[in-house]
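Add chain B to chain A, keeping to what the hints say.
Number of protein chains: 2
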Amino acid sequence: MKAKLISVAFAVASVVRAQDPLPSWNDTAPKKAIFDFVEQVTKEGSSDFVKPEERIATFDNDGTLWAEQPIYFQVLFMRDRVKALLPQHPEWKHREPFASLLGDDMRAVAKMKEGIPKLMAATHSGIITDEFSELVMKWVTTAKHPTTGRPFIEMVYQPMIELLAYLRANGFKTFIVSGGGIDFMRSWVEKAYGIPPEQVVGSSGKLRFQLRDGKPVLLKLPEMDFVDNYAGKAVGIQKFIGRRPIFAFGNSDGDQQMLEWTAAGSGARFMALVHHDDAEREWAYDRKSRIGTLDKAWDEAIAKGWIVLSMKDDWKTIFPPTGPKQ
Amino acid sequence: MKAKLISVAFAVASVVRAQDPLPSWNDTAPKKAIFDFVEQVTKEGSSDFVKPEERIATFDNDGTLWAEQPIYFQVLFMRDRVKALLPQHPEWKHREPFASLLGDDMRAVAKMKEGIPKLMAATHSGIITDEFSELVMKWVTTAKHPTTGRPFIEMVYQPMIELLAYLRANGFKTFIVSGGGIDFMRSWVEKAYGIPPEQVVGSSGKLRFQLRDGKPVLLKLPEMDFVDNYAGKAVGIQKFIGRRPIFAFGNSDGDQQMLEWTAAGSGARFMALVHHDDAEREWAYDRKSRIGTLDKAWDEAIAKGWIVLSMKDDWKTIFPPTGPKQ
Numbered sequence: 001m002k003a004k005l006i007s008v009a010f011a012v013a014s015v016v017r018a019q020d021p022l023p024s025w026n027d028t029a030p031k032k033a034i035f036d037f038v039e040q041v042t043k044e045g046s047s048d049f050v051k052p053e054e055r056i057a058t059f060d061n062d063g064t065l066w067a068e069q070p071i072y073f074q075v076l077f078m079r080d081r082v083k084a085l086l087p088q089h090p091e092w093k094h095r096e097p098f099a100s101l102l103g104d105d106m107r108a109v110a111k112m113k114e115g116i117p118k119l120m121a122a123t124h125s126g127i128i129t130d131e132f133s134e135l136v137m138k139w140v141t142t143a144k145h146p147t148t149g150r151p152f153i154e155m156v157y158q159p160m161i162e163l164l165a166y167l168r169a170n171g172f173k174t175f176i177v178s179g180g181g182i183d184f185m186r187s188w189v190e191k192a193y194g195i196p197p198e199q200v201v202g203s204s205g206k207l208r209f210q211l212r213d214g215k216p217v218l219l220k221l222p223e224m225d226f227v228d229n230y231a232g233k234a235v236g237i238q239k240f241i242g243r244r245p246i247f248a249f250g251n252s253d254g255d256q257q258m259l260e261w262t263a264a265g266s267g268a269r270f271m272a273l274v275h276h277d278d279a280e281r282e283w284a285y286d287r288k289s290r291i292g293t294l295d296k297a298w299d300e301a302i303a304k305g306w307i308v309l310s311m312k313d314d315w316k317t318i319f320p321p322t323g324p325k326q
Numbered sequence: 001m002k003a004k005l006i007s008v009a010f011a012v013a014s015v016v017r018a019q020d021p022l023p024s025w026n027d028t029a030p031k032k033a034i035f036d037f038v039e040q041v042t043k044e045g046s047s048d049f050v051k052p053e054e055r056i057a058t059f060d061n062d063g064t065l066w067a068e069q070p071i072y073f074q075v076l077f078m079r080d081r082v083k084a085l086l087p088q089h090p091e092w093k094h095r096e097p098f099a100s101l102l103g104d105d106m107r108a109v110a111k112m113k114e115g116i117p118k119l120m121a122a123t124h125s126g127i128i129t130d131e132f133s134e135l136v137m138k139w140v141t142t143a144k145h146p147t148t149g150r151p152f153i154e155m156v157y158q159p160m161i162e163l164l165a166y167l168r169a170n171g172f173k174t175f176i177v178s179g180g181g182i183d184f185m186r187s188w189v190e191k192a193y194g195i196p197p198e199q200v201v202g203s204s205g206k207l208r209f210q211l212r213d214g215k216p217v218l219l220k221l222p223e224m225d226f227v228d229n230y231a232g233k234a235v236g237i238q239k240f241i242g243r244r245p246i247f248a249f250g251n252s253d254g255d256q257q258m259l260e261w262t263a264a265g266s267g268a269r270f271m272a273l274v275h276h277d278d279a280e281r282e283w284a285y286d287r288k289s290r291i292g293t294l295d296k297a298w299d300e301a302i303a304k305g306w307i308v309l310s311m312k313d314d315w316k317t318i319f320p321p322t323g324p325k326q
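Those sequence lines, one after another, are chains A and B. Numbering-wise (the working numbering), the first sequence opens with residue 1 and increments by one. Numbering-wise (the working numbering), the second sequence opens with residue 1 and increments by one.
In isolation and in its complexed conformation, chain A is listed as follows:
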């Protein structure tokens, strides 16, 4: 068993080295920077060598590993949950942020102060963790994106799937550090990105342990427990991982502190942001967008020489041709 696993891992590693491990990336600066960094930290004897157990790579999710327009997909999941729960909550028809959400006015929802947290509390609670996980998995594989018509699990970025696999083949441990809901992500990210649930850091609500007919369950409560965004991302990294990343990839101001925290460690570091500048193949938005605002983090990236990836110029393809690869 063990021997078989090892030989498979070895075969994969050999293939990765023989072929281009990042075929969906153009041969532009970011791809070269990735190869250079990985070589630098994995070359034994080099002054920048990093032990495998310290090769921690953190990735934001929304806008970094999968798309986030016209609104974070988790909000679209909330909309479908609100619709499903409406018979028990007829008052939602006339109460915000539910009314705007039901009217598919995502602009209004995104603008509303506390709009998303209120929806999260209403739609992500009163359900036990196992059932919630099944619900999300079903939704993400069957519900369709409003403009592309793809199942949401196919709205992932092919170049990033390749990058995750390439890093893992080089001894990195890949983590998600996202403002999105931790239980929401954990149900499908292993299938989509090969990232196991224990390597997902996200926002979360409180849980209550209960015995139901003698069987323990964990009930999701409407109170927020942790918001994994902005400074919360540096806190989340310490809280859940307890080791500073050497590699961090984000796309918005919410990722700024994750990149700062990564950059502040000693030794070689890799910090990068995805710039959504491809209106044709994806979406184009940055400083003025309410979703995935890239403004202050962009300025800091320019000032500090962090990589700013252009989707248009640096990625050969955006989405996987069919279902996402693992």
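There's no promise every hint is true.
Said to hold, decoys possible - The list that follows gives simulated cross-link-like pairs (lysine-lysine, BS3-like), each with its CA atoms no further than 30 Å apart:
{"#": "1", "chain 1": "A", "residue 1": "K206", "chain 2": "B", "residue 2": "K206"}
{"#": "2", "chain 1": "B", "residue 1": "K113", "chain 2": "A", "residue 2": "K206"}
{"#": "3", "chain 1": "B", "residue 1": "K138", "chain 2": "A", "residue 2": "K51"}
{"#": "4", "chain 1": "A", "residue 1": "K113", "chain 2": "B", "residue 2": "K206"}
No lab work stands behind these hints, which were simulated from the structure alone.
Relative to chain A, chain B alone:
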């Protein structure tokens, strides 16, 4: 690099199979139960086969992986911190729980309501995470246990170190799920048990992200964030790991819900408790002890047929002969 790592892993796995992987265990029922369980879940084609990524094993720390008498070692660390901080806090000399702690009256400290949380708030805050980690590492390797005279990092259980390595050699991912402080444990458990920081679940205080001279730091605050004990252990497993363990080892009532949560999953399961019944080589305590109380969880273990390990009968040796092995 990769090839070398793989061949080392393979060599270790072969050695483990050729020799007895648990030499510090007597050939009694618990050892046999461990071998049977591991064979059952790793044998491909078996109806109880568990995929490697789902082989999650969780271990309590105090009283399960290392000793906990005369009081949790983290409290002894607090005592030394209180002594070090006393010049800045002369009022502690006449205020509880500090006064009892300074007088080494551990019985009084253990009895005091909120005694340990108050000490934790006072001694584990006002310091940044990196400095705290260094402080703990220095303490655990140099401070001596009051009765054995060993450095605390050598108060670990040799049979458990072997068990952790054996599980990992069989594709398990080993986690600590402890009521102890998460930052306290993370600094030394990789050295002691081979468990990396990201596989440690524990109690924690809140953190604040700050820029000091432009450099980001995480300041430890005196407010508790999460208590990973009793029902909190099931919650902590969901929060930090997000996947239900198939194997759980504890020693006290604080571990009861972790074992219940583990037992409630489908498929083969392994639940066990360490019973401290060896007054000669370690300590003997259970139902009436304030430290590591084993009462309700013991009754449930008997009722449900979980393993109750006798330190006296089932372990050939208790502590490692010299420094702990990795």
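Exercise for review: Could you grab the alpha-carbon distance between K113(B) and K206(A) and see if it respects the 30 Å cut-off?
Suggested key: The given pair, whose Cα atoms are some 25 Å apart, holds under the 30 Å limit.
Practice item. Quickly compare the C-alpha distance for K113(A) and K206(B) to 30 Å and report which way the hint goes. Key: Holds. K113(A) to K206(B) sits at ~25 Å (cutoff 30 Å).
Review point. Going straight from one Cα to the other, do K206(A) and K206(B) come out at no more than 30 Å?
Key: Holds. K206(A) to K206(B) sits at ~15 Å (cutoff 30 Å).
Review point. Is the straight-line distance between the alpha-carbon of K138(B) and that of K51(A) 30 Å or less?
Key: 22 Å, holds
Checked against the numbered hints listed earlier, the structure breaks none of them; every hint is satisfied.
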